[in-house]
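Engineer: As a plain string of letters, each chain reads:
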Amino acid sequence: MDIGLYHYLSLAAFLFAIGLYGILTRRNAIAILMSLELMFNAVNINLVAFNRFSGSDGLSGQIFALFVIAIAAAEATVGLAIVILIYRNWRSIDADRVNLLKW
Amino acid sequence: MINITPLIPELFLLVMAIVVLMLDLFSSRRTVVVPAYVSMAAVIITGFLVFKFGGDAVRWGSNAIFVADSFSQFFKVIILGAAFLAIGSSFGTADRMTHHRGEFFALLLFSTVGMMFLVSAKELILLYVGLELTTIPLFVLVAYQKTNRASSEAGLKYLIIGAASSAILLYGLSLLYGYTGTTYLNEIAQKTAVYFLSHGFIPNAEGTTDLVGMGPAFSVALMMIIAGLTFKLAIVPFHMWAPDVYEGAPTPITAFLSVGSKAAGLAAIIRIFDGMLYAFSHDTMPNDSWGTMMAVLAAVTMVAGNIIAIRQTNIKRMLAYSSIAQAGYILIGVIAASKLGVASCGFYMFAYMFANMGAFAIVGLYAEKTGKKNISDFAGLSKTSPIIAALMTMFMLSLAGIPPLAGFMAKYYIFAAAIEAGYTWLVILALLMSVVSLYYYANVVRIMYMVDSDNKHHIIPSFPAGLVLALTGIGVLLFGILPQSILDMAYKTASSFIF
Numbered sequence: 001m002d003i004g005l006y007h008y009l010s011l012a013a014f015l016f017a018i019g020l021y022g023i024l025t026r027r028n029a030i031a032i033l034m035s036l037e038l039m040f041n042a043v044n045i046n047l048v049a050f051n052r053f054s055g056s057d058g059l060s061g062q063i064f065a066l067f068v069i070a071i072a073a074a075e076a077t078v079g080l081a082i083v084i085l086i087y088r089n090w091r092s093i094d095a096d097r098v099n100l101l102k103w
Numbered sequence: 001m002i003n004i005t006p007l008i009p010e011l012f013l014l015v016m017a018i019v020v021l022m023l024d025l026f027s028s029r030r031t032v033v034v035p036a037y038v039s040m041a042a043v044i045i046t047g048f049l050v051f052k053f054g055g056d057a058v059r060w061g062s063n064a065i066f067v068a069d070s071f072s073q074f075f076k077v078i079i080l081g082a083a084f085l086a087i088g089s090s091f092g093t094a095d096r097m098t099h100h101r102g103e104f105f106a107l108l109l110f111s112t113v114g115m116m117f118l119v120s121a122k123e124l125i126l127l128y129v130g131l132e133l134t135t136i137p138l139f140v141l142v143a144y145q146k147t148n149r150a151s152s153e154a155g156l157k158y159l160i161i162g163a164a165s166s167a168i169l170l171y172g173l174s175l176l177y178g179y180t181g182t183t184y185l186n187e188i189a190q191k192t193a194v195y196f197l198s199h200g201f202i203p204n205a206e207g208t209t210d211l212v213g214m215g216p217a218f219s220v221a222l223m224m225i226i227a228g229l230t231f232k233l234a235i236v237p238f239h240m241w242a243p244d245v246y247e248g249a250p251t252p253i254t255a256f257l258s259v260g261s262k263a264a265g266l267a268a269i270i271r272i273f274d275g276m277l278y279a280f281s282h283d284t285m286p287n288d289s290w291g292t293m294m295a296v297l298a299a300v301t302m303v304a305g306n307i308i309a310i311r312q313t314n315i316k317r318m319l320a321y322s323s324i325a326q327a328g329y330i331l332i333g334v335i336a337a338s339k340l341g342v343a344s345c346g347f348y349m350f351a352y353m354f355a356n357m358g359a360f361a362i363v364g365l366y367a368e369k370t371g372k373k374n375i376s377d378f379a380g381l382s383k384t385s386p387i388i389a390a391l392m393t394m395f396m397l398s399l400a401g402i403p404p405l406a407g408f409m410a411k412y413y414i415f416a417a418a419i420e421a422g423y424t425w426l427v428i429l430a431l432l433m434s435v436v437s438l439y440y441y442a443n444v445v446r447i448m449y450m451v452d453s454d455n456k457h458h459i460i461p462s463f464p465a466g467l468v469l470a471l472t473g474i475g476v477l478l479f480g481i482l483p484q485s486i487l488d489m490a491y492k493t494a495s496s497f498i499f
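Read top to bottom, the protein sequences are chains A and B. The numbering of the first sequence is my numbering, which starts it at 1 and goes up by one. The numbering of the second sequence is my numbering, which starts it at 1 and goes up by one.
Do not rely on the hints blindly, as some may be mistaken.
Stated by the list, open to error - DEER-style ranges, computed between Cβ atoms: (1) B:Thr370 / A:Lys102: 15 to 25 angstroms; (2) A:Ile69 / B:Thr292: 30 to 40 angstroms; (3) A:Phe14 / B:Ala41: 45 to 55 angstroms; (4) B:Asp488 / A:Gly4: 17 to 27 angstroms; (5) A:Ala31 / B:Phe26: 46 to 56 angstroms; (6) B:Met240 / A:Ile30: 45 to 55 angstroms; (7) A:Gly4 / B:Val435: 34 to 44 angstroms; (8) B:Ser62 / A:Phe14: 32 to 42 angstroms; (9) B:Trp60 / A:Phe14: 47 to 57 angstroms; (10) B:Met240 / A:Ala17: 17 to 27 angstroms; (11) B:Ser219 / A:Ala17: 15 to 25 angstroms; (12) B:Arg446 / A:Phe14: 51 to 61 angstroms; (13) A:Ala17 / B:Pro404: 45 to 55 angstroms; (14) B:Lys369 / A:Ala31: 51 to 61 angstroms.
Keep in mind the hints are simulated off the structure, nothing from the lab. Note that the Cβ used here is the ideal one computed from N, Cα and C, for glycine as well.
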C-alpha cells in the first residue's frame, strides 16, 4: 500500500484531536502542556506533508514547520516557568485546584 | 535585495526593547523611572517612524510579505497609543515589584512589536510569528506578580487557552496552505476567488487531482482561523478566558490586553475576512454565509457580554465583560465589509482605546491606594476626589455610547455601516444591548456620586498616571466633539481593501 497525502493528513488530524482531548480532560498542568505540544506537532505533519505532495517546488511549508517548532519551544519554556510559579503559590499543579477566579 | 525600509519602526522598537532590558541589567540603582521613561520615549519615536516610513511594502518577488499601508499605520497608532498609556499607568505597579522592573517594560515593548507585525502581515508565517510574539510576552506579563495567587492562576489560564487557540489557528493556516500551495495572502485570495468562480473547488498548482475534492476542508480551514483569531478578540463562545485573565493580571497589563491585543486581532480579522474572503464571498458564496456566521457571533457576543456584566461586583471583571460586549459591536463593522465598515472599526477601536485605558488607569490607581477592587468600594469617590470621579464618569459614559463623547460617534458609524450593508436586525439588537449596558456603566457613576460612605481616600495620581488620565480624558471629549479628522484618516485606511 502506498503511503499518500491522506495518510499523513489523517495522522495529523488524529494527533490534533488527541491533543485537544488532552487539554480538555487532563488536570495535571504538565499533561496539558504535553497535549498542546501534540497539537503543534500535528500542524507540523500537515505542513510538511502538504509541502511534499503539493507538487510545487517551494519550501514554504517546511520553513513554516521550522518556525512552528521554534515558537512551540518558546511557548513550552514560558509554560513550564508558569507551572513552576503555580506550584510555588499553590503547592499543586492540579488545574482543578487552581480556581480562585471564577464567574 | 529586499527593501527593508518599511520595517524600520518595528526594528527600532525591537532594539529599544533590548536596550530597556540591558538598562535594567547594568544600572546600579534599580529605579523604575529610567526604563519606564525610555520605553515611553521609544513608543513615541516609533509612532513618528510609522508615518515617516509608511506606504511601502516588503516584497518577496512580486508578493508582499509585510505592508506598511494606511490601514496598518492607523492600527499601529492605536497599538502604540495603548502601549504608551499602559506604560504610563504602570509606574505604581512596577514600583511595588521587588525585582525585574526593567523586564516588565521590555516585555511590554516586545509584545507591542509583535502586534505591529501582526497588523502588517500579508503572509501566513509572518502572521503567525507576529501573533506569537504578541502573546508569549503577555503570558509572562499576566503572571508577573509572582507571589500573587490570582496573578499566577490568570497566567496559567491565559497560557493554556492562548496556546490552544493558536494551535487551532495554526491548523487552519496549514490547511489553507495545503489547499492553495502558497502562504501569501494575496495569492491565496486570487486563487480562492478564481477557482470558486469556475470550479467550486481548488486544484493544486499542477491541476492534478490529489488535493481535489477537499471542498469542505477550505471551510474548516477558515473556521479554524476565525476561531483562533476570535479567541484573541474574546468573542463569545471563545471568551471564557477573558474575565479570569483580566481580573488576575496587573491592571495596566489588563488594559493593554483589552486594547492592544484586541486591536491587533481585529486588524488580522479584517485582513482575512474583508481583504481575502470578500474577493469571493459577495459574488459566489451562496447567500454570503461567512457574513451570516460572523453576524451570529457578534449578536451572541453582545447579548452575553452585556447581560453577564450586569451581575459583576468586581470592577475589573465588569470591565472584562464590557470589553467582550464591545468586541461584539466592533465585529459588526467587520461584517459590514465596506469602506465605511473598515473605517468605523478603526474609529471604534480608537475611541475605545481612550475610554478603556482611562477606566483601567483609574481602577489601577484606586486599587493601589486602597487595595479595593469592588464596584461598591467606589462609593463616595466624588467627594474625596471629584476630578477622578468626573473622569471615570466620562469614560463610563463613553463606553456606553452617550453623546457628545467619542464612544457615541464610534457606535454611530458602526451602526451606519451595518445598516448600509443590510444588517438592520443586528443594529436593532446592538441598540437594545447598548441600553442594557447603560445600566452597569451608569451604576458605577451612581455609586460614585449617590452612595455615601466613610471613604477618606484622597486619590492623587503621580505625574505619569496624571498624564495618562489627562490624555485619555481629552481624547474621549475631543474625538467625540470633533471626530472628523480621525474619521477621515480611518476612511483612508479602507483603500487598502477591494470593495
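Engineer: Taking the Cβ atom of Lys369 of chain B and the Cβ atom of Ala31 of chain A, is their distance within the range 51 to 61 angstroms?
Structural biologist: Check failed, 42 angstroms falls outside 51 to 61 angstroms.
Engineer: Check the following: the C-beta atoms of Asp488 of chain B and Gly4 of chain A are separated by a distance inside 17 to 27 angstroms.
Structural biologist: For Gly4 of chain A against Asp488 of chain B, whose Cβ atoms are near 55 angstroms apart, the range 17 to 27 angstroms is violated.
Engineer: Given a hint of 17 to 27 angstroms, does the C-beta separation of Met240 of chain B and Ala17 of chain A actually sit inside it?
Structural biologist: Since Met240 of chain B and Ala17 of chain A have Cβ atoms about 21 angstroms apart, the given range 17 to 27 angstroms holds.
Engineer: Okay, Arg446 of chain B versus Phe14 of chain A on CB: inside 51 to 61 angstroms?
Structural biologist: holds (55 angstroms)
Engineer: Does the hinted range 15 to 25 angstroms hold for Thr370 of chain B and Lys102 of chain A at CB?
Structural biologist: holds (24 angstroms)
Engineer: 47 to 57 angstroms was suggested as the range; check whether the CB atoms of Trp60 of chain B and Phe14 of chain A agree with it.
Structural biologist: Cβ of Trp60 of chain B to Cβ of Phe14 of chain A: about 34 angstroms, so the range 47 to 57 angstroms is violated.
Engineer: Kindly confirm whether 30 to 40 angstroms is satisfied by the beta carbon distance between Ile69 of chain A and Thr292 of chain B.
Structural biologist: holds (38 angstroms)
Engineer: Look at the Cβ atoms of Ala31 of chain A and Phe26 of chain B and judge whether their distance stays inside 46 to 56 angstroms.
Structural biologist: violated (41 angstroms)
Engineer: Is 45 to 55 angstroms a correct range for the gap between the Cβ atoms of Met240 of chain B and Ile30 of chain A?
Structural biologist: For Ile30 of chain A against Met240 of chain B, whose Cβ atoms are near 22 angstroms apart, the range 45 to 55 angstroms is violated.
Engineer: That 34 to 44 angstroms hint for Gly4 of chain A and Val435 of chain B (C-beta), does it hold up?
Structural biologist: Once the Cβ atoms are compared, 58 angstroms apart, the range 34 to 44 angstroms for Val435 of chain B and Gly4 of chain A is violated.
Engineer: Given the hint of 32 to 42 angstroms, check if Ser62 of chain B and Phe14 of chain A actually sit that far apart at their C-beta atoms.
Structural biologist: Given about 38 angstroms between the Cβ atoms, the range holds.
Engineer: Is the gap between the beta carbons of Ala17 of chain A and Pro404 of chain B within 45 to 55 angstroms?
Structural biologist: The hinted range 45 to 55 angstroms holds for Ala17 of chain A and Pro404 of chain B, with Cβ atoms some 53 angstroms apart.
In this structure, the hints that do not hold are numbers 4, 5, 6, 7, 9, 14, in rising order.
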